[in-house]
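**Student:** Read top to bottom, the protein sequences are chains A and B.
Letter by letter, the first sequence follows residues 0 to 195 of numbering that gives the first Met the number 0.
Letter by letter, the second sequence follows residues 0 to 195 of numbering that gives the first Met the number 0.
No lab work stands behind these hints, which were simulated from the structure alone.
As the structure is a computational prediction, the values presented were derived from the model and not from experiment.
One should not assume that every hint holds.
Since copy identity is lost for identical chains, a pair holds within one copy or between any two.
Unchecked claim - Below, a list of computed lysine-lysine pairs in the BS3-like style, where the Cα atoms sit at most 25 Å apart: (1) LYS127 to LYS44; (2) LYS127 to LYS116; (3) LYS1 to LYS44; (4) LYS125 to LYS15; (5) LYS1 to LYS127; (6) LYS44 to LYS15; (7) LYS1 to LYS125; (8) LYS15 to LYS127; (9) LYS116 to LYS15; (10) LYS116 to LYS44.
Protein chains: 2
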Amino acid sequence: MKIYGDRNSGNCQKVKWVCDALALPSTWIDVDTMAGGSRTPEFLKLNSAGQVPVVVLDDGRTLAQSNAIIRYLARGSALIPDDDYLAAKMDEWLFWEQYSHEPYIAVCRMQMVYLGKSQGDLDPEKVKRGYFALARMEHQLHQTRFLVGDELTLADVSLLAYTRVAHEGSFHIDGYASVRRWVGDAERALGVPPAV
Amino acid sequence: MKIYGDRNSGNCQKVKWVCDALALPSTWIDVDTMAGGSRTPEFLKLNSAGQVPVVVLDDGRTLAQSNAIIRYLARGSALIPDDDYLAAKMDEWLFWEQYSHEPYIAVCRMQMVYLGKSQGDLDPEKVKRGYFALARMEHQLHQTRFLVGDELTLADVSLLAYTRVAHEGSFHIDGYASVRRWVGDAERALGVPPAV
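Isolated chain A (complex conformation):
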């Protein structure tokens, strides 16, 4: 399989982490989104939404949306709970990540790291909602080791991607002790070198 991704994108890293964790052979093809690489005519043939990551399977079929990709790649593995309800709780986190976490925590990071904004330039509403997301994770991770219970699932893979680098978008996670503990646990469980 080929992974078309931007190395700076947590959404793209999720896919690489799952391939590596499950020993699925993959070839990474760099797409520089800041230079318009996801809006070229060639790229839009792979994904008309103009977004990375996209995977091209060995038979040539394509799949986009990070959480849809990892859900497909991990089917039948221990990263998705066997129990239907627990799998649904995992899905609940995956959809929440894209609606209530990534648009604040990842977007603030993108603006500071890639667009050169300072902390004072960030939209205060985005910062507030980012902290609301961290507080909700803390609430869960104070009760359970991983987001859906005792075992690592795709919910952790997905939320780890931008939470581990939240400080690059001005978010201080020092006050979220369970989130900090979980970042280390999830990195170790996935075999990902620590971000900090």
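With chain A fixed as given, assemble chain B onto it according to the hints.
**Tutor:** Okay, now just chain B, sitting in the frame of chain A:
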């Protein structure tokens, strides 16, 4: 099962539609989100994210996030393709809906219908991205009857919710002939009375 939802919310309607289509018994419990009904201490016990819809299963367990809920309720039914790749393409549309469609088309509608904004008050960037989403749907629906092929899936349920009322958020779908055709097809397939 109990569905805690706001009748004005397309995200909540998705859950009701799936229950009705699959003849799953459900009791609807109204939550007035505009009056803060999703932020009360009682509600936050059901969903710490403070968002509707939430379902409470007959055994008391809860599940949130509209697309995670419908994915759970419809497991094993014809609304989810048997084929793993087609199910993944359905998931691609579900995640795309929450990231690239709902935040523009549903949010503009919410601002006009419930917050009393005029079309001129809308964020032009949100309007532009909403039309980009409609154009992407048109691109697909020009090729296939439903979003994942010849059969109705949860991708159609999810995208139908706000596309059918896009005009209430200033979006004109007259220029998107395949989207218009699909709205009628999906409403009929689901047994939902036409929105317009």
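**Student:** Between LYS1 and LYS125, at a C-alpha cutoff of 25 Å, which is it: within one copy, between copies, both, or neither?
**Tutor:** Classified as neither: same-chain Cα gap 34 Å, cross-chain 32 Å, threshold 25 Å.
**Student:** Quick one: LYS125 to LYS15, C-alpha cut-off 25 Å, is that within a copy, between copies, both, or neither?
**Tutor:** Close neither inside one copy (28 Å) nor across copies (31 Å); limit 25 Å.
**Student:** How would you label the pair LYS44, LYS15 (within, between, both, or neither) given a Cα cut-off of 25 Å?
**Tutor:** within (22 Å within a copy, 36 Å between copies)
**Student:** Could you figure out if LYS127 and LYS116 sit no more than 25 Å apart (CA to CA) within one copy, between two copies, both or neither?
**Tutor:** For LYS127 and LYS116, both the intra-copy (17 Å) and inter-copy (23 Å) Cα distances are at most 25 Å.
**Student:** Within a copy, between copies, both or neither: where do LYS1 and LYS127 come within 25 Å Cα-Cα?
**Tutor:** Neither way: LYS1 and LYS127 sit 37 Å apart in one copy and 31 Å across, limit 25 Å.
**Student:** Given a CA cutoff of 25 Å, do LYS127 and LYS44 count as a within-copy pair, a between-copy pair, both, or neither?
**Tutor:** Between copies only: 21 Å across, 37 Å inside.
**Student:** My question is about LYS1 and LYS44: at a cut-off of 25 Å on alpha-carbon distance, are they close within one copy, between copies, both, or neither?
**Tutor:** The answer is within: 15 Å in one copy meets 25 Å, while 43 Å across copies does not.
**Student:** Within a copy, between copies, both or neither: where do LYS15 and LYS127 come within 25 Å Cα-Cα?
**Tutor:** Close neither inside one copy (30 Å) nor across copies (32 Å); limit 25 Å.
**Student:** Is it within, between, both or neither when you check LYS116 against LYS15 at 25 Å Cα-Cα?
**Tutor:** neither (28 Å within a copy, 43 Å between copies)
**Student:** For LYS116 vs LYS44, is the C-alpha pair at or below 25 Å within one copy, between two copies, both, or neither?
**Tutor:** neither (32 Å within a copy, 37 Å between copies)
The earlier numbered hints that this structure contradicts are 4, 5, 7, 8, 9 and 10.
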